[in-house]
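S.K.: As they're listed, the protein sequences go chains E and F. According to my numbering, the first sequence is numbered sequentially starting from 1. According to my numbering, the second sequence is numbered sequentially starting from 884.
Hints should not be assumed to be uniformly reliable.
What the hints assert, rightly or not - Heads up, simulated DMTMM-like pairs for lysine to aspartate or glutamate below, C-alpha to C-alpha not over 25 Å straight-line:
no. : chain 1 : residue 1 : chain 2 : residue 2
1   : F       : K963      : E       : D40
2   : F       : K921      : E       : E880
3   : F       : K890      : F       : D967
To be verified - Not close to chain F: a few residues of chain E, all C-beta gaps over 12 Å, as computed:
no. : residue
4   : M132
5   : G483
6   : L512
7   : I525
8   : G758
9   : T800
10  : Y857
No wet-lab data here; the hints were simulated from the structure. Here a beta-carbon is modelled for each residue, glycine too, at the ideal position from N, C-alpha and C.
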Amino acid sequence: MSQTEDAPPTSRPGASDLAPVLEPGLVDRRAERLPRADFDVGPLSDAPPEALQREQAARLVEVWETPKGFRYWSSVNNSDVGVWYVTSCFIFFLFAGVLALLMRTQLAKPNSTFLSADTYNQVFTVHGSVMMFLFAIPIFEAIAVVILPQILGARDLPFPRLSAFGFWCFIMGGLFLCGSIFFGAAPSGGWFMYPPLTSSYTPGIGPDIWLLGFSFIEVAAIAAAVELIVGVLKCRPPGMRVQLMPLYAWYVLVAAAMILFAFPPLIAGSLLLELERAFAWPFFDPARGGDPLLWQHLFWLFGHPEVYIIFLPSIALVAMIVPTFSRRPIVGYGWVVLAAIGTGFLSFGLWVHHMYTTGLPGISLGLFSAASMAVSIPTGVQFTCFTATMLAGKVTRSLPMLWIFGAFAIFVLGGLTGVMVALAPLDFQVHDTFFVVAHFHYALIGGSIFPVMAGVYYFFPMVNGKLLSERIGKIAFWLSFVGFNITFMPMHLTGMRGMPRRVFTYPEGLGLETLNLVSSIGSAILGVGLALVFVDLVRPRKKQPLAPRDPWKAGTLEWVQEMPGKDWGIRSIPEIDSRYPLWDQPNLIRDIDEGRFYLPDAEEMRRETIITSVVDGTPQQCQRLPGSSFLPLVAALTTGGFFIFGTFHWWALAIGSLGVALGVILYWLWTGTAHLPEKPHKHVGLGLSLPLYVSGPGSIGYWAMCITMLADLTAFISMVFGYFYFWTIHDDFPPPGTIGPGVLWPVAGLALVAGAWGLTLLARRQNRHGSAQSFYLSLGGGVLLALLGAAALLIGPWQTGLDPASHSYPATVWLLMSWSALHLVIGVIMQLYCVARRFAGKMTPRHDIDIGNVALYWHFTALTVAITVLVGAGFPLVSEVMP
Amino acid sequence: MTEVPEKHDSLLWVAAAPGVWAAHFLLSYATAAVWCAKQGSDAPLSLARGAIGVFTLAGLAAVGLVAMRGLRSYRITDGKPRIDVDTSAARHQFLGFTLLSLSGLSAVAIVYQALAAVFIGSCR
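Work the whole structure out from these sequences, hints included.
M.R.: What follows is the structure, given as structure tokens:
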């Protein structure tokens, strides 16, 4: 039993011995001490005895210890997985950077034969794809996995094994894609993979590697998004209300939510393109009723929000760093939150500005141009707030700030050319020229890479315990900054003189030689600058002393950690009363270290963290977290097998691998989730007792399921969009003379699925009321109806003889029906899982997480089937009577 | 001190005003795209333009309602609202402020969208 239970509950610190102590150089805000809510809980007034503190710490160390030797790779702790993740991202970044240098070498002089046209195509495709999918997006998730739990004072994110699974998927998909270029088999159709170039005109496996490799990575990205959203909403420390959340958490929340709605359209698009390549379903082939523009819509529906998914988390780093070095809280916190959320939404209204030259009606271009202008408002708001913070505070010189100033200068230029190309008439002129290349490198390098570098310099001591070199950092910055501008500034001119992007060489005498040579020289300087950063990152620093604790005198929670940090993340989880607790809450570090706050111990030798409410951060549950395991790695390997074998069209192996993956994932769920606790409640310290098991809307699993299914539904809606898109562009859709899937079978399917859904809900109820027999009966009936329903959905188009390879209409109908049927099969597996759980005694009337989550899944599946039937069977009836 | 129970606030409200913008955007775009696809590439926008006008008025009205809700929350205490302190009233005011400012941004964005239909009269 913990000593803390005997301590006086909710004691407040005495005023005399806890007078605020401020480090020199900080703005003294003691005069305006923040009013606190009366019911707030303070730390224990007296430290637990030292012997007890030592015992507690020893237990925590043991519980959170990273495994040694070979088993190190089974670690799932965010402090390990996050570091692997960041490191891999940087290695991919280096790789893509080398490809960039190859391109610049090729373009340094006219008519160069350094690279062949085909190699050049592969090089720019892999450069763009790797930078986007293997660096820019994952670095957001990687950095968030490392720092978010620290910022939130959580021991770890809510689903550590999911993070590890995401990482292993990422690294496999990434190596697969990068490796392909060494065999001359890499994709070569550009990072946005436009068909028909990438469908009928590219034989070989290049596009398949892209489509399947990245779908795999996108699944990992969605897994990370689920983790981060639940992390921000449910794993905040007690008392951290929404208005006290660090801005980083707001940005992560917005960016992760954007992933849920931006990635599924691309997954759907990739599925369609792969179906066309592998099975000749003609979604993008105009000869058979398809349309290449559908790909562009789906791709950019992902592609433009994606730019902001990269930008926002990088700016989030700025929002953490600027207040620290301005020595004051951020100016306009509410406005920055507005900007983050506003950008998140508006960025979904920009996708057609990549398609201005595809012949869409002027009014469509106008609408997207307007949204492109509107999104610059919140962007401007953020920069105003950052500048105001610096002006209102006392800025201290530091390396992270240097990179941030560089980022501002570069990003503002990229933003200005962004407003230029958002105007359709200007874009008509510069589309697909080096002007655009210059624009988006200014936007991305200024908006992402420089802030990330600032973040690397800022957070490195948190990870490693030591500071990076000031001297090397300065040289690296100036080389990068100058090199960057020498590389990309001339490209504006190169582009306006008419040099197209993605062409492997250019003739003499067009006035392009000097500009290109200057760009190539600049790129070498930029390369040296960034390489210096890496040298600094990896150089041995055995003799270098540890950085002092909170080396930057920051105010946010991540800096309470010791140097170097411990595996446990935080010694005890504090009650938060301020946006900058280290500045405002007196003796915070001491109180955390001495275990005067929540969860100072691991009495039962289990990993634990606190789950709090979404709005006010009220403690709700003590969540047990899973420990090290190879399961995520094995699950990623087998899931990856499906995608990799699929690339080579080795379907038997692919399906086999998927079957094994399913088995592994089920075993993982069975052994690792929804444990029955040994007692209903646990004392977590400070007189607070929390439940160990929560099901339904309060549980993190329920949230994760809900969020995952939102992404799943978005992918489905993208396919439905495809259906109506075809209806828009064709005079008649379904084409005259075609018979649809009929009405009888689809409607019968819907009725059966409705029954299966109802029985699943009934089963949840029966389980709660303790009637095991009727629970089994209901779920058994649900399984039967679901299987019959899936069969009925597929019988419809099969019976009317719809041939998916003949035209885009039957292909789309088959797609929707198969998607629904697949979801029903997954739903059946879930139902059977619940039966088994109940039978094995792992689910009880009170402990019903499993059936709760499965019922939630069935809500979404029933909706999916309903839309499928309405569209598939109902729309042909409607379109028949339409004028 | 004014206490506002946690259940009186929901983060979902934050999505309300931008959600209205998104609905307005999608409806306007879908209307224009379908109209132009079905009427031919030189057709006048006529009815589609009117529809976008209606969407705009409805959208602005909806955003206005959200803004009023935000304003009510923001003004729950007497005196100057403080959104940076650890009280439930401050949380209520902060969310009110967020609603209000997002309503402003959404209204501007909706008007931007509408301007496209003001200046462009045909499908060309």
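S.K.: The structure should be examined with respect to each hint, and the outcome stated for every one.
M.R.: Quick rundown of the hints versus the structure:
Taking the CA atoms of K963 of chain F and D40 of chain E, the gap is about 23 Å. The hint holds against a cut of 25 Å. Only pairs whose Cα atoms come within 25 Å are accepted, and K921 of chain F paired with E880 of chain E is accepted, the gap being roughly 15 Å. For the proposed pair K890 of chain F and D967 of chain F, the alpha carbon gap of about 20 Å is at most 25 Å, so the pair holds. Under the 12 Å C-beta cut-off, the non-interface status given to M132 of chain E relative to chain F holds; the minimum distance is some 24 Å.
With a least beta-carbon separation of about 37 Å from chain F, G483 of chain E lies farther than 12 Å from that chain, consistent with its non-interface assignment. Listed as outside the interface, L512 of chain E is consistent with that label: its C-beta sits roughly 35 Å from the nearest C-beta of chain F, beyond the 12 Å cut-off. With a closest Cβ-Cβ approach of about 40 Å to chain F, I525 of chain E is found to remain outside the 12 Å limit, as its non-interface label requires. Every beta carbon of chain F lies more than 12 Å from that of G758 of chain E, the smallest distance being close to 27 Å; the non-interface claim holds.
For T800 of chain E, the condition that its CB be more than 12 Å from all CB atoms of chain F holds, with the nearest at approximately 27 Å. Remark: the non-interface label on Y857 of chain E is consistent with the geometry, its nearest Cβ contact in chain F lying 21 Å away (cut-off 12 Å).
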